[in-house]
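Colleague: Sequence:
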Amino acid sequence: MLPVINKKHLIRLSILIFLASCQSVNEAGDIINTTEKNLNPIGIKNLEINTEIEDWTNNQRIRTIDEVNSLDFDSISTDSTDIYINQFFYFNGVSIKAIGFTKDRSDTVAFYYKSPTTEFMANGETCPIENAELIEKGGLHTYRGLKYKEQHIGIATYLQCDGSTFKKGVYFNGNKIGTWKTLNVQTKEITEKDFGNSQLLDELLLLTRGLR
Numbered sequence: 773m774l775p776v777i778n779k780k781h782l783i784r785l786s787i788l789i790f791l792a793s794c795q796s797v798n799e800a801g802d803i804i805n806t807t808e809k810n811l812n813p814i815g816i817k818n819l820e821i822n823t824e825i826e827d828w829t830n831n832q833r834i835r836t837i838d839e840v841n842s843l844d845f846d847s848i849s850t851d852s853t854d855i856y857i858n859q860f861f862y863f864n865g866v867s868i869k870a871i872g873f874t875k876d877r878s879d880t881v882a883f884y885y886k887s888p889t890t891e892f893m894a895n896g897e898t899c900p901i902e903n904a905e906l907i908e909k910g911g912l913h914t915y916r917g918l919k920y921k922e923q924h925i926g927i928a929t930y931l932q933c934d935g936s937t938f939k940k941g942v943y944f945n946g947n948k949i950g951t952w953k954t955l956n957v958q959t960k961e962i963t964e965k966d967f968g969n970s971q972l973l974d975e976l977l978l979l980t981r982g983l984r
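Numbering (the numbering used here), first residue to last: 773 to 984.
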């Protein structure tokens, strides 16, 4: 079970670990300020995996989010549990955007933007701040990634909500490939795990060049 961290510590940690731009929620249920400039923690070296794939992933996420936000939605549906509220935004009858909130709507905890033209999906999860007690339920992290035809592709990043570790690596066809790096946030020590499939890494590079 992950320990509960207080609001002040979590905010400070969010500044240190800058996975993407800060996400906030307006009255219409939109995530605003979606420009994502850096998937690496600030001031930490040697976390690069592959600059070309990282830039492509970041740019593709921005293009996907911008495309979805430029569309006029047909309708919006909402469902809820005891803890979360989920909103789904439809275009031509298909859900192309979804946002998960805490029940009081003070935290955005999950989202996706799915392009109706390219089959890319920019998705993510965010640690709750106002409802930090939810971290006790385990498994929560801040995550940013990309999918293509429902499969993980490109660079993905994960920060545990207790602030202990930051993990980064490459997916292709939903599988981890190449070297993944894990940063111990407290000690700044970086460990690596090689998932192999170097030929798939080369294939991904060729694919990303063709999909630009």
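Just so you know, the hints here were simulated from the structure itself, not pulled from any lab data. Fair warning: there could be bad hints in the mix.
What the hints assert, rightly or not - BS3-like cross-link-like pairs, simulated, lysine-lysine; straight-line CA separation at most 25 Å: (1) K948 <-> K965; (2) K960 <-> K817; (3) K960 <-> K921; (4) K939 <-> K919; (5) K965 <-> K939; (6) K953 <-> K965; (7) K817 <-> K948; (8) K921 <-> K817; (9) K921 <-> K939; (10) K948 <-> K875; (11) K953 <-> K919; (12) K965 <-> K817; (13) K817 <-> K939; (14) K948 <-> K960; (15) K953 <-> K939; (16) K939 <-> K960; (17) K960 <-> K919.
Stated by the list, open to error - Using C-beta positions, here's what the derived DEER-type ranges look like: (18) I901 <-> R981: 33 to 41 Å; (19) K875 <-> G968: 38 to 46 Å; (20) I901 <-> F863: 29 to 37 Å; (21) N818 <-> G946: 21 to 29 Å; (22) S842 <-> E961: 23 to 31 Å; (23) R877 <-> D974: 38 to 46 Å; (24) K960 <-> G865: 44 to 52 Å.
Each residue gets a CB set at the ideal place from its N, CA and C atoms; glycine is no exception.
Colleague: Evaluate each hint against the coordinates.
Modeller: Comparing the hints with the structure gives:
Under the criterion of a C-alpha separation no larger than 25 Å, the hint pairing K948 with K965 is consistent with the structure, at around 10 Å. Taking the CA atoms of K960 and K817, the gap is near 9 Å; set against the 25 Å cutoff, the hint holds. Note on K960 and K921: the hinted pairing is violated, with a Cα-Cα distance of about 35 Å set against a maximum of 25 Å. For a cut-off of 25 Å, the pair hint linking K939 to K919 stands: about 18 Å separates their Cα positions.
For the hint linking K965 to K939, the alpha-carbon distance of about 11 Å falls within 25 Å, and the restraint holds. For the hint linking K953 to K965, the alpha-carbon distance of about 7 Å falls within 25 Å, and the restraint holds. A threshold of 25 Å between alpha carbons decides the hint, and for K817 with K948 the separation of about 22 Å falls inside it, so the pair holds. Distance check on the hinted pair: K921 and K817 sit about 33 Å apart at the alpha-carbon level, beyond 25 Å; violated.
Between the alpha carbons of K921 and K939 the distance comes to roughly 24 Å, so the proposed pair stays at or under 25 Å and holds. A hinted pair counts as satisfied when its Cα atoms are at most 25 Å apart, and K948 with K875 does not qualify at roughly 33 Å. Taking the CA atoms of K953 and K919, the gap is near 20 Å; set against the 25 Å cutoff, the hint holds. For the hint pairing K965 with K817, the CA-to-CA distance comes to about 17 Å; that is within 25 Å, so the pair holds.
A hinted pair counts as satisfied when its Cα atoms are at most 25 Å apart, and K817 with K939 qualifies at roughly 14 Å. Straight-line distance between C-alpha atoms of K948 and K960 comes to about 23 Å, which keeps the hinted pair within the 25 Å bound. Of the pairs offered as hints, the one joining K953 and K939 holds, with about 6 Å between alpha carbons and a cut-off of 25 Å not exceeded. Taking the CA atoms of K939 and K960, the gap is near 12 Å; set against the 25 Å cutoff, the hint holds.
As the CA atoms of K960 and K919 are separated by approximately 29 Å, the hinted pair breaks the 25 Å bound. Between I901 and R981 the CB atoms are about 39 Å apart, so this pair conforms to the stated range of 33 to 41 Å. For the pair K875 and G968, the beta carbons lie near 43 Å from each other, so the given range of 38 to 46 Å is met. With their beta carbons about 30 Å apart, I901 and F863 fall inside the hinted range of 29 to 37 Å.
A C-beta distance of roughly 27 Å is found between N818 and G946, which places it inside the suggested range of 21 to 29 Å. Our hint of 23 to 31 Å for S842 and E961 is violated, since their Cβ atoms are close to 43 Å apart. Between R877 and D974 the C-beta distance comes to about 45 Å, which sits within the given range of 38 to 46 Å. As the Cβ distance of K960 to G865 is approximately 49 Å, the hint placing it in 44 to 52 Å holds.
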